Amino acid sequence: MSALLEIEDLYARVGDKEVIKNLNLTINEGEVHAIMGPNGAGKSTLSYVLSGKPGYEVTSGSIRFKGKDLCSLSTEERAREGIFLCLQYPVEIPGVPVSTFLKHAVNAVRKHQNLPELDTFEFLKTLRAEGKKLGIDNEMLKRPINVGFSGGEKKRLETLQMTILKPVFSILDEADSGLDIDALKVVAEGINALRNEHNSMLVITHYQRLLQYIVPDVVHIFADGHIVKSGDKSLAAELEETGYAAYRNE
Amino acid sequence: MPGLLQSKEMEGSELIWLEALRQKGEAAFEQSGIPTAKTEAWKYTKLRMLNADDFEFPSSEEQTCHCGCHRHDGEDEHCHCEGHDCTCHVDFPFEGYVLRFKNGAFVAPHPKLPEGVEVMTLMEAAHLEEDVKAKLGKLIELDNYPFAALNTAYLEEGLFINIRKGVKLEKPLIIDHLARPQDKNLFWNLRHLIVVENGADAEIIENYRYRGAEKSRYFANIVSEIYVGRNAKLRHYKLQDEAFKACHLALSAVQVKADGNYRHFCAQKGADVGRNEVVVKLVEEGAEARVDAAYKMSGWATLDTTTDIRHLAPHTKSEQLVKGVVDGDAKGVFQGRIHIAPDSQQTEGRQLHQALLLSDRAEVDVKPELEIFADDVKCSHGAASGELDEEQLFYMRSRGIDADEARQILVEAFLDDALMQVEDEAVRIWLKSVLQ
Chain Y
90 MSALLEIEDL
100 YARVGDKEVI
110 KNLNLTINEG
120 EVHAIMGPNG
130 AGKSTLSYVL
140 SGKPGYEVTS
150 GSIRFKGKDL
160 CSLSTEERAR
170 EGIFLCLQYP
180 VEIPGVPVST
190 FLKHAVNAVR
200 KHQNLPELDT
210 FEFLKTLRAE
220 GKKLGIDNEM
230 LKRPINVGFS
240 GGEKKRLETL
250 QMTILKPVFS
260 ILDEADSGLD
270 IDALKVVAEG
280 INALRNEHNS
290 MLVITHYQRL
300 LQYIVPDVVH
310 IFADGHIVKS
320 GDKSLAAELE
330 ETGYAAYRNE
Chain A
141 MPGLLQSKEM
151 EGSELIWLEA
161 LRQKGEAAFE
171 QSGIPTAKTE
181 AWKYTKLRML
191 NADDFEFPSS
201 EEQTCHCGCH
211 RHDGEDEHCH
221 CEGHDCTCHV
231 DFPFEGYVLR
241 FKNGAFVAPH
251 PKLPEGVEVM
261 TLMEAAHLEE
271 DVKAKLGKLI
281 ELDNYPFAAL
291 NTAYLEEGLF
301 INIRKGVKLE
311 KPLIIDHLAR
321 PQDKNLFWNL
331 RHLIVVENGA
341 DAEIIENYRY
351 RGAEKSRYFA
361 NIVSEIYVGR
371 NAKLRHYKLQ
381 DEAFKACHLA
391 LSAVQVKADG
401 NYRHFCAQKG
411 ADVGRNEVVV
421 KLVEEGAEAR
431 VDAAYKMSGW
441 ATLDTTTDIR
451 HLAPHTKSEQ
461 LVKGVVDGDA
471 KGVFQGRIHI
481 APDSQQTEGR
491 QLHQALLLSD
501 RAEVDVKPEL
511 EIFADDVKCS
521 HGAASGELDE
531 EQLFYMRSRG
541 IDADEARQIL
551 VEAFLDDALM
561 QVEDEAVRIW
571 LKSVLQ
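Line order of the protein sequences matches chains Y and A.
Per my numbering, the first sequence starts with residue 90, numbered consecutively.
Per my numbering, the second sequence starts with residue 141, numbered consecutively.
Any given hint could be a false lead.
On the chain A side, residues computed to face chain Y include the following (Cβ under 7 Å) [stated by the list, open to error]:
1. E235
2. Y535
3. I549
Restricting the straight-line Cα-Cα distance to at most 30 Å, the calculated cross-link-like pairs of lysine-lysine (DSBU-like) are [what the hints assert, rightly or not]:
4. Y:K200 to A:K572
5. A:K572 to Y:K192
6. A:K572 to Y:K231
7. A:K355 to Y:K214
Derived Cβ-Cβ restraints for the label pairs, each shown as a range [stated by the list, open to error]:
8. Y:N285 to A:S438: 44 to 50 Å
9. Y:T148 to A:D529: 56 to 62 Å
10. Y:E97 to A:S499: 35 to 41 Å
11. Y:K221 to A:S438: 41 to 47 Å
12. A:S499 to Y:H295: 39 to 45 Å
13. Y:R232 to A:G468: 29 to 35 Å
Just so you know, the hints here were simulated from the structure itself, not pulled from any lab data.
For clarity, every value in this text was computed on a predicted model and none was experimentally measured.
Positions of the beta carbon are idealized from the N, C-alpha and C atoms, including for glycine.
Use the sequences and the hints to build the structure in full.
Below, the structure written as structure tokens:
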């Protein structure tokens, strides 16, 4: 099994504040890792650092993705290489219909892979079929991205984007926030469908609930900008009992 | 040194009323002169370029189309001419009755028109139609509109369009104006008189384009007087895509009678100084107007949208949505006035201007004015300007979309809700593609 993502001695800051401190993490192809931790530990910051959000600066250490230096790539280049960030709070974009947006995204990725652009008919056929599985109807695909969508609809749309863009590494930041149990099952099913021996995931969550549906191979406890403990899936259950108090003052 | 007022031989000088009107225009312009920054209505839009001393009226040679294609014989075939002087070779992505102009003058022939629609040159009409005498110059107070006064002094070129009572025009009338600047500082005046009689329904599209050297200077001064009758409807769309050193000043003065409906949309992207001014008088109960616009600009241009909606009767309604995208060192100007006269009860007037600034040097100047003299009214205005949303940009980029492409998508989306006000879908798609 080869390493897909290798983070070594990573320090990163947002503005003047150092948030990631001496982080080490390796995720192999096909693995699902969960990162759990208290609020303010730097979990979301890690997701933005990995996806290259402007304002999130790596000060030292390295991140290698498929063996290449990730930090030298722009946000869009990372996406085209197969990194997908499923946002905790997806952004609303008035005036840009879901289908238009996704067509631009799919073709940008295909161009990068030297594949021809999809024609509109072919693209819409796939989009509608995948949407249907997630309970997203054709009307919703015509609406502007996330505008007026419920919390559940936003998360389903994030999952649809993941399905369509076929990333090799997905970062799921609090993928279950705002979801009731039925919606959670639909979203988890969509995400699990993408699991295979090549695709990896980093599941960021505060609660154990999500991990009952997306079962991780490795669980890390994250506090004060780095990993303080790692274990298998039983660690998540254990944490549910004990809480984060023990890790807060690391 | 010749300025904007120069002697010119004009058709129709034997008509006493017309000559009197021209003189009135000349006197009013002499009185006002070219507005300066001290003139309230023009304080944001600088007109320095009009102080040039080398303005010339185009020669008839410069106003003629030389392509010799059969379109000039009234044949409906494609013109294969690619010459810069040709007015004919442009086709629109929708059907319509095309009326062609070059450097401020009408280029024959008239298209074949359905029954109940009359189109003739203003000078033909001045001799034939009593209506022209009764209506020309009646919607504009010349003392307040210096360029309408100047235009009136040179009242000659332009069209009289009359949609007869109850006639529903199936296809739009397209007034296609080609500027073919020479290496001179050309200046022309165009005047249209448009009458949509009671119960009639029509669509008119004005297209201003240029070919040739884009750095050529010229000044196009355009005035339209528009009468919308009772229960009549006019959709009036316009694209201003003049050359980059041009000055394009246009005024549409509109009167709407009972239950009449006037919809205006102007897309501006060309010219160094471009102003689209619309004055609408809602004179009888139930009259409605929508005046919308979108502009997109960069360089050092100034694009100005000025509106004045006068609610002069009860139960009248108006709405305005103006959106602009300003880049480089450019400047967007929006001046919007809603006037509600005493006794114009139960009226509604709404206005919104939004601008997107794409550079640190870009500027917008906004002056909304509400003048309300009645108490039972619903009125609102709003203005906002901002930059592209960084979170939206990041979201799009995180899906693989190139940063420049993401910006372009967001800019298009920003203009989209203004464009959505264009009822005719084919025209909307055309304007949208031009503004991309």
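Status of the hints after comparison with the structure:
no. : hint                         : verdict
1   : E235                         : violated (25 Å)
2   : Y535                         : holds (4 Å)
3   : I549                         : holds (6 Å)
4   : Y:K200 to A:K572             : holds (26 Å)
5   : A:K572 to Y:K192             : holds (19 Å)
6   : A:K572 to Y:K231             : holds (18 Å)
7   : A:K355 to Y:K214             : violated (48 Å)
8   : Y:N285 to A:S438: 44 to 50 Å : holds (48 Å)
9   : Y:T148 to A:D529: 56 to 62 Å : violated (27 Å)
10  : Y:E97 to A:S499: 35 to 41 Å  : holds (40 Å)
11  : Y:K221 to A:S438: 41 to 47 Å : holds (43 Å)
12  : A:S499 to Y:H295: 39 to 45 Å : holds (41 Å)
13  : Y:R232 to A:G468: 29 to 35 Å : holds (34 Å)
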